[in-house]
Amino acid sequence: MNRRRFLEIAGVASVGAAVAGCAGKQSAQTGPSAGAPKERPAGQDGVVYVGKNADPAKALVAAVAAAGGLKSVISPGATVALKPNAAWARSPEQAAATNPALVAQMIRLCREAGAGKVIVFEHTIDRPSQMVLGITGIAKAVGEAGGELALASGEPDFQTLEVPRGKLLKQDTIAKTLAKADVIINMPKAKRHSQTELTLGLKNLMGCIWNRQAWHTGPDLSQYIADYATALPVSLTVTDASRVLLTNGPKGPGQTKDLNEVIVSFDPVAADAYACGLFEMKPADVAHIVHAAELGLGQHDISKITVKRV
Amino acid sequence: MKSARRISQGLFLILFAVLFALSVGRLDLSAGGLKIVSPLPVELFLLIDPLLAGASMLSSRTFTPAHVLWILPVVLLTILCGRAFCGWVCPLGTCIDAADRVARRKADRRTTRERSWPRLKYYILAGIIVTAAMGAQVAWLLDPQALLVRSLTLGAAPPAQWTLRSIEGVPALGQAAGAARGLFPEQQAAFRQGLIAALMLAAILAGGILSRRFWCRSLCPLGALLGLIGRIPLFRRSITPKCNECRLCEIDCKMDAISGNGAATVTEECIYCYSCVAVCPREGNVLSTAKPERSAPLNLSRRHLLTGIGVGAVWSFAARTAISEKATRDGTSRLAGLRLIRPPGSVGEDEFTELCVRCGECMKVCPTNGLQPALAEAGLAGIWTPVLAPRAGECTQKCTLCGDVCPTHAIQPFTVAEKDYLYIGRAAIDRSTCVVWESGKQCLVCDEVCSYDAIYWQKEGGTKMPHVDPARCVGCGICENNCPVGGPNAAIRVTCEGEKRGMPRDQQKAWRAANITEHPE
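Taken in sequence, the protein lines are chains Z and W. Counting with this note's numbering, you get residues 1 to 310 for the letters of the first sequence. Counting with this note's numbering, you get residues 1 to 521 for the letters of the second sequence.
Keep in mind that the hints were calculated from the coordinates and are not lab data. Every residue gets a Cβ at the ideal spot worked out from N, C-alpha and C, and that includes glycine. Some hints here could point you the wrong way.
Straight-line Cα separation of at most 27 Å, DSS-like style, residue types lysine-lysine; simulated pairs [what the hints assert, rightly or not]:
1) W:K441 <-> Z:K170
2) Z:K167 <-> W:K464
3) W:K35 <-> Z:K282
4) Z:K180 <-> Z:K170
5) Z:K282 <-> W:K2
6) W:K464 <-> Z:K282
7) W:K35 <-> Z:K140
8) Z:K304 <-> Z:K167
9) W:K464 <-> Z:K257
10) Z:K257 <-> W:K459
Covered stretches of chain W (chain Z as the covering partner; in silico rule of three or more C-beta atoms under 8 Å from a C-beta of chain Z) [unchecked claim]:
11) 183-196
12) 208-214
Rough simulated footprint, nothing fancy, chain Z against chain W, three-plus residues with beta-carbon under 8 Å [as the list claims (entries may be wrong)]:
13) 94-103
14) 445-451
Required output: the full structure, derived from the provided sequences and hints.
Here it is as structure tokens:
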């Protein structure tokens with residue numbers, strides 16, 4: 001081995017690594033795109049299950065049981081991705097993020113239903129992300145319940161997503177973690193929101209894209225939110241209304257209220273429509289809920305929604 | 001003993017590398033935010049540096065007993081053993097030894113085939129001291145510890161981080177690269193002027209073309225200072241009766257510190273590398289407490305001393321032309337750029353450029369990559385000092401890292417709670433580009449992301465219009481960072497207006513309490 005030989009080998013190896021890196025990037029982009037939402041189990045349109053308990057984990061267990069369990073959405077060995085709302089570095093009592101105990105219980109329920117792996121995903125707004133998930137208590141909860149944390153930190157963590165049913169939004173991005181998952185379960189926090197009046201399940205999906213800013217400079221933020229929901233295959237919505245944020249939403253700190261409810265539904269629009277009532281608002285007050293109903297994502301008419309309380 | 005020295009160099013270099021790697025914030029829930037987790041201060045090598053301590057304290061006319069304690073071990077070591085620091089501890093010295101082996105062929109490793117200018121470093125030292133006496137600090141440019149940390153932070157760590165991230169997709173190799181993520185902050189770091197900082201270090205290592213230890217012999221002001229402090233060491237080189245004046249040691253000495261046919265030692269240059277002892281075929285060289293017969297004091301005659309002071313005077317005059325840019329009354333600079341946004345806890349601007357040694361530690365630990373080296377914002381006196389560039393990264397609320405690592409306390413430590421009233425600037429909405437003010441669109445991202453509840457909206461004609469609350473806005477820049485409008489120029493921008501560095505902290509707190517009003521949402 002002399003110097004020339006060494007340099008030759010090093011040169012070939014670096015070119016090889018660069019090519020392999022590019023190839024790796026390519027295959028991620030042409031991998032399975034999210035496509036259309038999975039089939040909703042029969043008879044679940046416009047049905048919400050509301051568990052009420054001071055312990056959010058118990059409220060969740062009751063509501064999921066009433067909904068018939070998770071086996072209708074989780075096949076044995078499936079990779080389940082949970083999408084909580086953990087954009088902000090706020091502690092659990094401040095009600096700006098999904099309750100960590102709720103996330104932990106959801107992980108346990110998914111595993112009991114036969115999930116192979118449960119990943120908790122978020123694309124935070126406050127930085128650094130590890131700090132945010134720590135302050136919200138969710139990182140600890142995920143570790144204790146046997147889940148895995150996956151946090152997006154840059155553009156390479158996202159891939160293209162086609163939105164064929166969108167009225168205004170035709171193409172956007174989706175986190176690669178979510179694209180690779182078999183099941184996506186949305187776990188929003190019920191809060192007031194300065195721009196959209198409320199942030200619930202449909203709004204929570206904004207954390208799945210890379211470029212949020214583009215939606216704000218686009219023609220209609222509310223339409224974009226609804227359009228995107230047609231392309232992201234959410235199998236179940238679990239809305240955390242244990243403690244809700246009433247003022248200064250979505251980040252707070254603000255006035256909170258303990259409602260002790262957990263809302264479970266296979267119908268994302270119905271879940272959001274029901275939650276409007278918790279803030280003494282109507283679904284018609286929230287533009288993106290109306291647009292989502294127009295796109296056929298679910299039922300937003302309160303008179304046609306069945307609420308099963310447990 | 002030569003191998004003992006190599007081991008010592010290796011250990012201190014490893015220590016340097018470990019501390020460099022540990023200078024990444026981790027969440028400490030009991031502290032309510034990010035903290036450095038390290039058994040020793042990550043800025044250790046900067047703390048123990050007598051040149052940085054002396055120049056910053058002298059120029060700012062402050063005395064920090066804690067800082068004096070930190071430099072004592074090195075000072076004591078130097079009094080006893082001359083420039084042993086240079087040969088046994090200094091991480092830049094270790095890098096230079098390694099680079100010299102590459103730069104110089106074995107045949108050329110002789111003092112007779114080298115070019116160096118040993119008096120030059122004393123002129124540089126004189127320049128630093130006289131300038132400090134005149135109230136300006138220029139040690140930062142050529143101090144080896146500051147230079148090394150700065151060059152690596154600005155010029156080496158970002159490309160290393162990027163390279164490792166790029167190969168994460170590669171099978172096998174990618175696993176190791178992914179595991180290395182913990183060595184870097186979450187954000188991909190990028191710094192202005194990073195290439196220049198890297199080139200400075202490269203140039204120093206390339207000095208090996210001219211002589212071994214070229215930097216240490218000809219340029220290093222810290223080496224010059226230690227050489228003067230350790231002029232009469234207790235433990236030093238002398239020759240034994242076995243010496244036959246073959247001069248092998250003199251020719252071999254990498255610091256050109258031996259003269260008089262091997263008999264005399266220039267104590268201000270000897271770095272205790274033991275090469276003379278190793279190369280001597282007849283045990284004619286020894287390092288001990290024995291007093292040598294002949295001494296060779298450095299050739300620093302009165303003429304040289306006056307030249308040094310002359311250089312110092314010229315340098316200090318040049319440095320002090322920047323005095324007008326620091327015309328301050330309340331801790332702020334009246335002529336500096338609007339974007340001179342200093343980290344929270346920073347001292348007033350006058351003192352800041354005197355204390356800041358531009359080590360780059362604060363920039364390294366900033367978790368959002370918001371702290372950047374200043375260019376024009378702080379004038380010539382403030383070049384490469386840290387400024388917040390909100391578009392690059394906000395000052396994230398639950399973090400106190402910059403104050404935790406600053407070795408000279410140009411940034412004083414602070415707590416997350418205090419950040420509510422440490423005003424570093426204020427955001428202002430540009431109504432000509434803000435999509436709400438300009439075209440009535442639905443935005444309010446600034447209101448959404450603000451951690452301090454400093455943006456409120458008021459309905460005008462049915463649209464919610466954003467406003468900045470000056471009592472709550474501390475200038476963190478998260479609004480500017482997230483504003484969907486613009487590239488470098490967002491529709492809401494932070495300037496240094498409203499900063500209150502000149503006020504004591506309890507006064508800033510009282511100001512906030514007196515000026516806070518409730519607004520609707």
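The hints, checked one at a time:
1. W:K441 <-> Z:K170: This hinted pair holds, its Cα atoms lying about 21 Å apart.
2. Z:K167 <-> W:K464: 25 Å, holds
3. W:K35 <-> Z:K282: 45 Å, violated
4. Z:K180 <-> Z:K170: Distance ~21 Å between Z:K180 and Z:K170 Cα, so the pair holds.
5. Z:K282 <-> W:K2: 82 Å, violated
6. W:K464 <-> Z:K282: 20 Å, holds
7. W:K35 <-> Z:K140: 18 Å, holds
8. Z:K304 <-> Z:K167: It holds: about 25 Å lies between the C-alpha atoms, which stays within 27 Å.
9. W:K464 <-> Z:K257: 25 Å, holds
10. Z:K257 <-> W:K459: Status holds; Cα separation ~26 Å.
11. 183-196: holds (count 4)
12. 208-214: violated (count 0)
13. 94-103: Contact hint for the segment 94-103 of chain W vs chain Z: violated, 0 residues under 8 Å.
14. 445-451: n = 6 at 8 Å, threshold three: holds.
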